[in-house]
Amino acid sequence: MSLMDKMLALDQRIIFALMFIALAFPILSPVILPMNIQQYSRDSFEFADSIPSGSVVLIEGGLGAATYPQGGPGLEVQIVHLLSKDIKLVFFSIGTETAAWTVTAIDNALAKLPSGVAAENGVNWVHMGYVPGGESGVAAFANDIRSVKTEDHFGTPIGQIPLMSDINKASDFAALFWWGGSEGSIPFGIRQIVTPFGVPMTGMCTTNEVPNYTPYINSGQMIGIIGGVRGSAEYEYLMGMPGLALGQAMATNFGGLLWALLVVLGNVLYFVARREGGAK
Amino acid sequence: MALIVEGRVIGLLSLLIIAGSIIYYMQRAYSGKLPKLRRLAAVNQIDEILGRCVEMGRPAYYLMDTVTMDNPSVLAPTVAAFQILAYTARSAARLGARFFVPVTQGLAYTIASEIVDEAYKAENKQDELKLDEAVMYLPDGADRMYIINHMWSDGMAGAFFLGSWYHKAVIFTENAARVGAMMLGGTDTTHNIPFLVAICDYSIIGEELYALGAYVSEDPTVSSSLAGQDVGKFIAVILIVLGSVLITLGMSIKGLLSM
Amino acid sequence: MSDRLVKMQIPMILTAVIGLLMIIEFFFPMPASVTSLNVTLRSFVTIISATALILGTIVLTIFHTKKVGTRGSEWYYSIVYVVAFVVTAGLGVLNVRDTTFLWIYNNMTSPIGAALYSLTAFYITSAAYRVLRARNWNAAVLLVCALVVLLMLIPIGAILFPPVVPLGEWIRSFPSGAGFRGMIIGTSLGIMGLGVRVFMGRQKEHLGIREERRDSE
Chain A
16 MSLMDKMLAL
26 DQRIIFALMF
36 IALAFPILSP
46 VILPMNIQQY
56 SRDSFEFADS
66 IPSGSVVLIE
76 GGLGAATYPQ
86 GGPGLEVQIV
96 HLLSKDIKLV
106 FFSIGTETAA
116 WTVTAIDNAL
126 AKLPSGVAAE
136 NGVNWVHMGY
146 VPGGESGVAA
156 FANDIRSVKT
166 EDHFGTPIGQ
176 IPLMSDINKA
186 SDFAALFWWG
196 GSEGSIPFGI
206 RQIVTPFGVP
216 MTGMCTTNEV
226 PNYTPYINSG
236 QMIGIIGGVR
246 GSAEYEYLMG
256 MPGLALGQAM
266 ATNFGGLLWA
276 LLVVLGNVLY
286 FVARREGGAK
Chain B
2 MALIVEGRVI
12 GLLSLLIIAG
22 SIIYYMQRAY
32 SGKLPKLRRL
42 AAVNQIDEIL
52 GRCVEMGRPA
62 YYLMDTVTMD
72 NPSVLAPTVA
82 AFQILAYTAR
92 SAARLGARFF
102 VPVTQGLAYT
112 IASEIVDEAY
122 KAENKQDELK
132 LDEAVMYLPD
142 GADRMYIINH
152 MWSDGMAGAF
162 FLGSWYHKAV
172 IFTENAARVG
182 AMMLGGTDTT
192 HNIPFLVAIC
202 DYSIIGEELY
212 ALGAYVSEDP
222 TVSSSLAGQD
232 VGKFIAVILI
242 VLGSVLITLG
252 MSIKGLLSM
Chain C
994 MSDRLVKMQI
1004 PMILTAVIGL
1014 LMIIEFFFPM
1024 PASVTSLNVT
1034 LRSFVTIISA
1044 TALILGTIVL
1054 TIFHTKKVGT
1064 RGSEWYYSIV
1074 YVVAFVVTAG
1084 LGVLNVRDTT
1094 FLWIYNNMTS
1104 PIGAALYSLT
1114 AFYITSAAYR
1124 VLRARNWNAA
1134 VLLVCALVVL
1144 LMLIPIGAIL
1154 FPPVVPLGEW
1164 IRSFPSGAGF
1174 RGMIIGTSLG
1184 IMGLGVRVFM
1194 GRQKEHLGIR
1204 EERRDSE
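Residue numbers (my numbering), protein chains in the order written: chain A, 16 to 295; chain B, 2 to 260; chain C, 994 to 1210.
Only chain A is shown next, with the shape it has when bound in the complex:
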C-alpha cells in the first residue's frame, strides 16, 4: 500500500486522536474567541425577553444525561432570565430521566439567581414532573392538566400549589419553551399546543436536529431555536452570564475547523491520486 493509499484510507484512530486533542485542548485551557450570534438564537432570546412580567409560561424539560451538556447551560440561564423578569414557570417532561434532569437545571439556575429575585417553589415555579404517553400525553396535558397530573414532581397535590390555582390548560400560558434535546419531540409541542391553542413557542434541540425544525421556523410555528451547545453559549453571551456552554462552544471551533481541514485534505489527496490513476 502506497503512502497515498494509506492517507486516503487514514486510520480511524489517527482521526480520533486529532479530534480528541482539538476538543480537549480548548476545554482544558479555555480560549474565548470572537463569536457572532445566530439569528435563530437571537430570535429565541428576544422572544423570551418580550414576555411581560407576571405571565405564566410552560417549559418542557427534555434534556437527559447525553444532551444536558449541550442544552443544560442554556436552560439554566433561561430560567434565570425568566425568573428575573418575574415570569412564572411551569415545567413538565415527557421522559422519566429528563424529568430528573429538569430538577438539576432548576437547582443550578436557582443557585445562579441574583439576590432578591423571587424563586419560591409552587409560587414562582412548579415542576409537574413526568407526563406519560408521549405525544398523546402532551395532548391530554394541554387540554386538561388535572386529568393527567394530580401532584407535582415532588408529590405536592396540585390543589396545594398556588401557582396552579388558575392554570389548567395550554391556553393559560403566555408562551411555550420546548427544551427537547434530542428527543425529537418539538413537533409534539407544535401539533398539540401551538396549532390548537395559539401559544407561541420557541425551543432547543441538538445541533444536528436544527435543519429538521427550520420548516416550522420559516412557517412561523416556532420563533427561533437554540441549537446545541452553541445556542446555549449564545444565550449565556446575550444574558452576560458566560458559563460552561461558552467554553464548550469554543472547543467546537477547533473541532469544526479540524473537521473541515480533514475533509479538504481528503479531497486534495483524492484528486492527486485520481490524476495518478489510483483513486476511484
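Because the hints were derived from the structure by calculation, they are not lab data.
Since the model is a prediction, treat every value here as computed from it, not as a measurement.
Some hints could be false.
[What the hints assert, rightly or not] Here are the simulated lysine to aspartate or glutamate pairs, EDC-like style, with alpha carbons at most 16 angstroms apart:
| hint | chain 1 | residue 1 | chain 2 | residue 2 |
| --- | --- | --- | --- | --- |
| 1 | A | K100 | A | E61 |
| 2 | C | K1000 | B | E119 |
| 3 | A | K184 | A | D159 |
| 4 | B | K255 | B | E7 |
| 5 | B | K34 | B | D220 |
| 6 | B | K37 | B | D231 |
| 7 | C | K1000 | B | E115 |
| 8 | C | K1060 | B | E134 |
| 9 | C | K1059 | B | D133 |
| 10 | A | K100 | A | E135 |
| 11 | B | K131 | B | E119 |
| 12 | C | K1000 | B | D118 |
| 13 | C | K1060 | B | D133 |
| 14 | A | K164 | A | D181 |
| 15 | A | K184 | B | E7 |
| 16 | C | K1059 | B | E134 |
Since the structure of chain A is already known, use the hints to place chains B and C on it.
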C-alpha cells in the same frame, strides 16, 4: 359546544380523506383491481446483502437503534422495522445467512425474538437457529461498544439499519463501512436520513421505510394501501401551491388553519 | 384459548379500539368519562415501559448468570455485570434517594451516557473524511454545502469567512428546509398508512405472527 375541537377541523378532514383513500385502494385490491406501484429496489437489495453474507460466510446484522415502543414517534418506525425484519429473517433462514439482531429494549426484544423464531420455523430451519445468540438484548449504553467490537471481530458482510435512528446512525454505519459490510439504511427521523444516505450502499428515505414494510408483506391488499397514501401527497402538493399563491397575493390563510 | 386468539385477534382488537378512542378524543369534545378512560389507558404506557425494563433486566441477568455458570466466551465480563447489577439494584431498592445510589448515577451512568453520545463527533469526522469527496458534481455540491453550513455553525466561522452566514442560512432555510418539509409530509403519510393497515388487521408482522397468518389463510 362545538362538534369538533377548535383548530382541528382541517386535521380531521385530512385524516378522513387520506385514511378513506387508503381503505378504498385496499378494498379495490380485494376485488382484484391492483394499482400500478413502483417496485422498491430495496426489496431486492435485502436478498443481495444476505446473499453476499452467505458467499463470504459472514453474518448480517439487523440494527434498529431506538426501539422504546412506549414513545409513539418511535413506535411507528419500530413496527415498520419489525415488518421488514420478518421478511429479512425469513430470507436469512432460507439462504442460510448468519443473522444477528441486537435490541435495546425488553419489550422489543421479546417481539424480535418471536419474529425471528417464527421466520426460521416457517423455513423449517429451527435447527440452525440459536435464538439467544441471534437476538440479543443489549441495554441502551452497552450496545454501542458491544456491537462495534463484534462488527470488527465477526467481520460482518452485511448490515441493515432500519427503524428510528438517532445519533447512533453515524457511529454504527461508519464502523460497518470500515469493516466492509454492504449496507441498507432507512429511517423516518429526518435529520438522520442524510447520514444513512451518505454512508450506506443502499438507502430508503422517510416514508419508504413504511412502504418497504408493506411491500415485503407479500400481500397485494397491503401494498395497495400505498396508492392511498399517494392521494395524500397529491393533496399536499395542491395545498402547498394554493397556499403559496394565496400568500403571494397577500391573502391570509391563518383563519382557515385555525378552524 | 387458542394460540391464534391470544397472539393475534385480541391484540389486534385492542389496538384498533384503543387507537380509535385516542383519535376520537383528539378531534371531538368528549365527556369526562371517556377522557378519564383515555388518561388511564395512557398511564398504562408508564407501566408497560417499566415492565419492559424489568423484562430486559431479567433476560440480561439470566444470560450473564448462565454465561458465568458455563464459562462461556468472555465470561469474566459477565461477572462485572452481575456485581454491578446486584450493587446498584440493591442500593436502589434500599433507598433510591440514597447518596451512594445517586453517586453511582451522577458519576458513572451520567458521564458514560454523555461520553457515548460524544462518540458521534469522532465517527462523523471519520465518515466525512472517507465519504465527502467530490467524486462527481452531485458529491461536489454536497461537499460544498457541508463545508459552508459547518463554518456557519462554528462560532468563529462567521468571523473568518463572513459570507458563510447568509449562504449557510439560505441553504438551511430553502433547499434543505424544502427537502425536510417534503420528507416530514411523506413520513406522516407513511405513518398514517401503517396505522390504517394495522387498525384493519392487514399487517401484523410486528406481533411476530407473519407465518401463522400465511399458514392459516
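Comparing the hints with the structure gives:
A hinted pair counts as satisfied when its Cα atoms are at most 16 angstroms apart, and K100 (chain A) with E61 (chain A) qualifies at roughly 13 angstroms. Of the supplied pair hints, the one linking K1000 (chain C) and E119 (chain B) holds, its CA atoms being roughly 13 angstroms apart against a limit of 16 angstroms. Only pairs whose Cα atoms come within 16 angstroms are accepted, and K184 (chain A) paired with D159 (chain A) is accepted, the gap being roughly 5 angstroms. Simply put, K255 (chain B) and E7 (chain B) have alpha-carbon atoms about 13 angstroms apart, close enough for the 16 angstroms limit, and the pair holds.
At roughly 13 angstroms between alpha-carbon atoms, K34 (chain B) and D220 (chain B) fall within 16 angstroms of each other, so this suggested pair holds. Taking the CA atoms of K37 (chain B) and D231 (chain B), the gap is near 12 angstroms; set against the 16 angstroms cutoff, the hint holds. For the hint linking K1000 (chain C) to E115 (chain B), the alpha-carbon distance of about 11 angstroms falls within 16 angstroms, and the restraint holds. Of the supplied pair hints, the one linking K1060 (chain C) and E134 (chain B) holds, its CA atoms being roughly 12 angstroms apart against a limit of 16 angstroms.
Between the alpha carbons of K1059 (chain C) and D133 (chain B) the distance comes to roughly 11 angstroms, so the proposed pair stays at or under 16 angstroms and holds. A distance of roughly 14 angstroms separates the Cα atoms of K100 (chain A) and E135 (chain A); the hinted pair therefore holds under the 16 angstroms criterion. Taking the CA atoms of K131 (chain B) and E119 (chain B), the gap is about 13 angstroms. The hint holds against a cut of 16 angstroms. Annotation: proposed proximity of K1000 (chain C) to D118 (chain B) holds, straight-line Cα distance about 14 angstroms (limit 16 angstroms).
This hinted pair checks out: K1060 (chain C) and D133 (chain B) have alpha carbons roughly 12 angstroms apart, not beyond 16 angstroms. For the hint pairing K164 (chain A) with D181 (chain A), the CA-to-CA distance comes to about 15 angstroms; that is within 16 angstroms, so the pair holds. A hinted pair counts as satisfied when its Cα atoms are at most 16 angstroms apart, and K184 (chain A) with E7 (chain B) qualifies at roughly 14 angstroms. A threshold of 16 angstroms between alpha carbons decides the hint, and for K1059 (chain C) with E134 (chain B) the separation of about 13 angstroms falls inside it, so the pair holds.
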